[in-house]
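Enquirer: Single-letter residue listing:
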Amino acid sequence: MISGLTTKKIDSIEFGLLSPEDIRKMSVAQIVVADTYDEDGYPIESGIMDPRLGVIDPGQRCRTCGNRVGNCPGHFGHIELARPIMHAGYAKVIHKVLRSICRECNRILLTDEEIDYYNRMFKRYPEIGQKTANLSKDILKRAAKAKTCPHCEEEQLKLKLEKPTSIFEVGDAGSVRLTAIDIRARLENISDDDYRLLGINPDAARLEWAIMTVLPVPPVTVRPSITLESGVRSEDDLSHKCIDIIRINQRLRENLDAGAPQLIVEDLWELLQYHVTTYMDNGVSGIPPARHRSGRALRTLAQRLKGKEGRFRSNLSGKRVDFSARTVISPDPNLSMNEVGVPEEIARILTIPQRVTEWNIEEMKELVLRGPDTHPGANYLIRTDGRRVDLRFVKDRTIISDTIEPGFIVERHLDSGDIVLFNRQPSLHRMSIMAHEVRVMPYRTFRLSLYVCPPYNADFDGDEMNLHVPQSEEARAEARVLMRVQEQILSPRYGGPIIGALQDYISAAFLLTRKSSLYTENQVNQLLATGRFTGTLPDPSIIAPVKLWTGKQIFSMFIPEGINISFKANVCRKCNVCTKEDCPYDSYVVIRDGELLFGVVDEKAFGAGEPDSLFHRIIKEKGTTAARVFMDSVGRLLIRLITDRGFSLGLNDVTLPREAQQRIKIILQEADHKVNQLIETYKRGELDPNPGQTLLETLEQRIMATLAEARDSAGAVAGEHLGLENSAVIMAQTGARGSRLNLSQMAAVVGQQAVRGERISRGYIGRTLPHFERGNLGARARGFVTSSYKSGLDPIEYWFHAAGGREGLVDTAVRTSTSGYMQRRLMTALQDLKVETDGTVRTAPGRIVQFKFGDDGVDPSKSDHGRSVNIDIAIEKVLGKRIKE
Amino acid sequence: MSKKSTTTDAKPKKTDSGSKSKTKEPTQSKKNSSVKKTTKTDSAASIEKYIEKRLTEMKEEHRLPPKVMNELETKLKDLTFTKKEFDEICDTVIDSYERALVEPGEAVGTVAAQSIGEPGTQMTLRTFHYAGVAELSVTQGLPRLIEIVDARNNPSTPTMRIELAPELANDRSEARRIARNIEMVLVESVASNVSIDLLRQAIDIRLDSELMEDKGLTTDEVGKAIQEKIKAKGEVEVSENVIFVYPANETLAELQRLSEKIRDVRVKGINNITHVVIRKEAEGYVLYTEGSNLEDTLEVEGINPDKVYTNNLREINEVLGIEATRNAIIHEAMNVLTEQGMDVDVRHIILVADMMTADGSIRQIGRHGISGSKNSALARAAFEVTIKHLLGAGIAGTKDPLRGITENVILGQLIPLGTGSIDLLMNPQGITGKKR
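Residue numbers (the numbering used here), protein chains in the order written: chain F, 523 to 1407; chain Z, 231 to 666.
Don't read these hints as lab results, they were simulated from the structure.
Treat the hints with care, since some could be wrong.
[Stated by the list, open to error] Now the stretches of chain Z that chain F is said to cover, found in silico as 3 or more residues with beta-carbon under 8 angstroms:
#1 303-315
#2 321-335
#3 573-579
#4 583-593
#5 608-617
Cβ coordinates follow ideal geometry from the N, Cα and C atoms, glycine included.
Between the sequences and the hints, there should be enough to build the whole structure, so can you do that?
Expert: Right under this line is the structure:
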């Protein structure tokens, strides 16, 4: 079925209660026997599994509708209750209503004038909703205050609700419990008009229906029994509860008929009330939950609906789908960011319905002929009469392929070029589901370009991802136009690219574009070929003795024409006075008309999540396709470059010369000495407290500062000895991976371990570990690690390091749940908002929230990092022409 | 941002009328520029005049938001160009602005929720972070963001920033005096001991002279404050650094109760402000407080009532009204996010703030606020407290018009957002007619 042909649309839903007559009318069987199956395993007539209630066993036909399993929706039965039973969920409402009506004449406890006034108020709001509910609340409050009835002058008694279902009338002589019969009698007497005032719509529900005389029995399809391997039938929790109700109901009826004493009848009545209450909701406070024989609480009606695993959130708001696949992901730098590698095994199972036309009939015949087991094939054939042929069971496919004519639908295998949706949980933003083009590949993992790792937040340590195949032409068109990766490069969160280069791409770009990089004609040709460059080579920068091209020239060949931008690269040292183009570190990047003139390319130029970068300008000015082509080709080139050159990090890279190690040692010793001095002054009581802090806090802060300073200067010493050619330094400076801090931790000193932002102080009484004296506040005793990762930590240091690391783990675990809940709340609160055709932002019922979105009507993802218009660029565009001319 | 937003409230009506002429406008302006092309020999004066004319015209048309308009004006000031170039610049700016507008049907709410929620996973969970003033701790990161969105009545760390009146701004002793007047002082905090003297049948309050001096108090003042609080329930006798209170009712229970009460009597300062810190900033001396009480602070002499800030949203709503609250929500939420290094567009936060304040009161994001007051029972049931909403809908006999997202997802129908908000109908008769 192609979508769009469905014309039925549900316009609205009305809620209400079932009246006893309704329940009897829809019932197909009165249930009186509290049993399921007889000895032969057949369901007992009028029992809880009555065959008229529907079928659950395959092969049987329904006694009511004649359908088989799957087609029979199931049918309701009913139980005639011997005495009326209150619906526990409505006890509160019943109590409120009883308080506001007369106990004698059952009129609302308001004077005629008041009734008139409220009636007029009600006329203002034709729809039932929040407004009318508030009005009714007001009425209930006011009527409950009346001491005597304004209509019959009867004195009113106080009513007390004892949860969950008992209502007492408190008189002077003591309190009397109202039976369900008494209550029902009063409620029955309330007029429709009075009900309306009380916020109950008599067209949909009368409150006396909440005191049930008949109980519907849900169809067996709602509570299927399962047959265990041993052949023992196990009944659903609902069935168990129904049996309890029927059993007690029968006993109550027998006792009533026999004229049993009042006490026994009341006990049974109360028991029946308990069973019905727990049948509706087994989590009502005030009564013990009904339990299974094993002690597990039963999962009754309310439990089925409630909560995360309930019907609403798990089955109605979220749905299972066909045409989907899931497997482990792995990287493939040769793929375009728009593509996804799909294993052939998956491509053989997922299908796309394709209508046979006169133009593709030969192709389709070929696919059908190839069948379900060879890859570009087909799994099903749907004839014009709607009959579906499973090609797995067709003996001779040549015959069937000959019958194909235009109008047939072939469910062909997924093939390269098809568009699919790709997703990784948790789906925190819209870039978590993007459309990719399929590339069918060998092996069993999904392959994806590294550029899409940031939006999916994916890595390859075993992550799995999902893939969905859109089945209709509209869905595919929307996926291609709106959801394709290249259309999602700009994040709506901040109006900059969220997709971009990372890790080795950045290191490689730096290596390529720095001043010392020169390449021979052969190398240039190699590199440009991997980047799929088509065009002519520029003149070499160095002609003799051999022709050499600079890396900047090579990189420039991929930048689209007309791109002008200048910015400071990530390697920038943040000097006090910027020399701009004359930067000694080549960190001032200048691009004129698509030509990289100065500066090195690093994270700031094309990194992921880097707004106002070169990549950002390319998307803004040349469009998404140009941006994708730029990224893809540059990426392939860079990977080739870095694999040819080689780039690795070893122990040598973090080993310092002995002399430097000595200096670090001295720095640390000095720091330790300073800390001890601080502790001494503290113990002597000579320490000056900082304003607003206790003495101990001051000491801690000073110690922390001293140690942090020591760590920094040790890091600086390490930095002096790790040259610019060091791989780790290159990665840290270009922003490819790691930081200065990581480096100095590896080479020089790990530093202070902290829990909750403080030095580690807990453990034993007065000390962190038994290796120290009590009250030792020294650096080492409170978790300062003087070793480096390279030299290795001693056991005590290792323990502190683990303690600090544990905090991080706990923090992440807690954070995901709290932030997840916040996002869910934001989502439910805001999801109905949309921009109308007049530019206003409105809620679902049409209330205006904003006259213009964000006060200027600008879509953040179309903005230039938040700015609605980049005026500088507009000016440059116009005035730039002048220079050219 | 805040300035701009208040002005835009009145603006939409104008833009509505302006939008009608929008469609015609581009052709007109192009004509303008082409006309000017002929008179190429333009003097500097005529260009200036022309520029001024066009700019005022553009301002009246409201085709650009005021912020962009101002930026354009200031940036063009220092440049020289021909009329043609000027027109071209204006046209490109208008064109790129109009290209950047949101498309109808865009699910701005969902995008805003995602844009604020997604970085939440990367934020710190640590409640206390020392920002700006070392002595004061302020809730930061995710907990604070949740607090804002929840519109809590009592934020965990209420704080105020108070600037002094301009003429006192650089006077340190004045700043200290004002700070003293603001900081709440309880009897308990200046007394060295509060005990019950059973012989005298009185409450014996010993005041710490050092503390008293520090806070600038006299024993008389303390006595007066106590008398005012307990009124006729007892008599206060003041002597040097000692106060005796003789209760009217001389039972032991009464003595004890009264002594508890006296401990908490406020002698000086403003309620709820437990601590004041003075800091020197570019504007002069600025007071930072722990605890917040906007209403009373505004009455304090010597401060600049235009430059008082609190992070307590409810207080802002009570004292300054809903527009101020909206701006405060935007400001606070934006602060939290930028402090954590999260790059989030203000427009998303503006939308959240507008949604929270749209009906004139602060509504929480959650079941007691926006989500709980949705029209659809199904949508409410799908969020939280399922059973209550279903039972309520049953008895009230409500009708769900199925206009929201959740309801339509539940029913398996197309949702009214984006491409789903548009109906494209084909006239089958037109097609069959053609074929024939």
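Enquirer: According to a criterion of three or more residues whose C-beta lies within less than 8 angstroms of a C-beta of chain F, is the region 608-617 of chain Z covered?
Expert: holds (count 7)
Enquirer: Within the region 321-335 of chain Z, is the number of residues with a Cβ closer than 8 angstroms to a Cβ of chain F three or more?
Expert: Satisfied; 11 residues make the cut.
Enquirer: Are there three or more residues in the region 583-593 of chain Z whose C-beta lies closer than 8 angstroms to some C-beta of chain F?
Expert: Our answer is that it holds, as 3 residues pass the Cβ test (under 8 angstroms) against chain F, meeting three.
Enquirer: If you count the residues of the region 573-579 of chain Z with a beta-carbon closer than 8 angstroms to a beta-carbon of chain F, do you get 3 or more?
Expert: holds (count 6)
Enquirer: Is the coverage entry for the region 303-315 of chain Z by chain F consistent with the three-residue Cβ rule at 8 angstroms?
Expert: Coverage by chain F holds here, the residue count being 5 at a Cβ distance below 8 angstroms.
The structure shown violates none of the earlier numbered hints.
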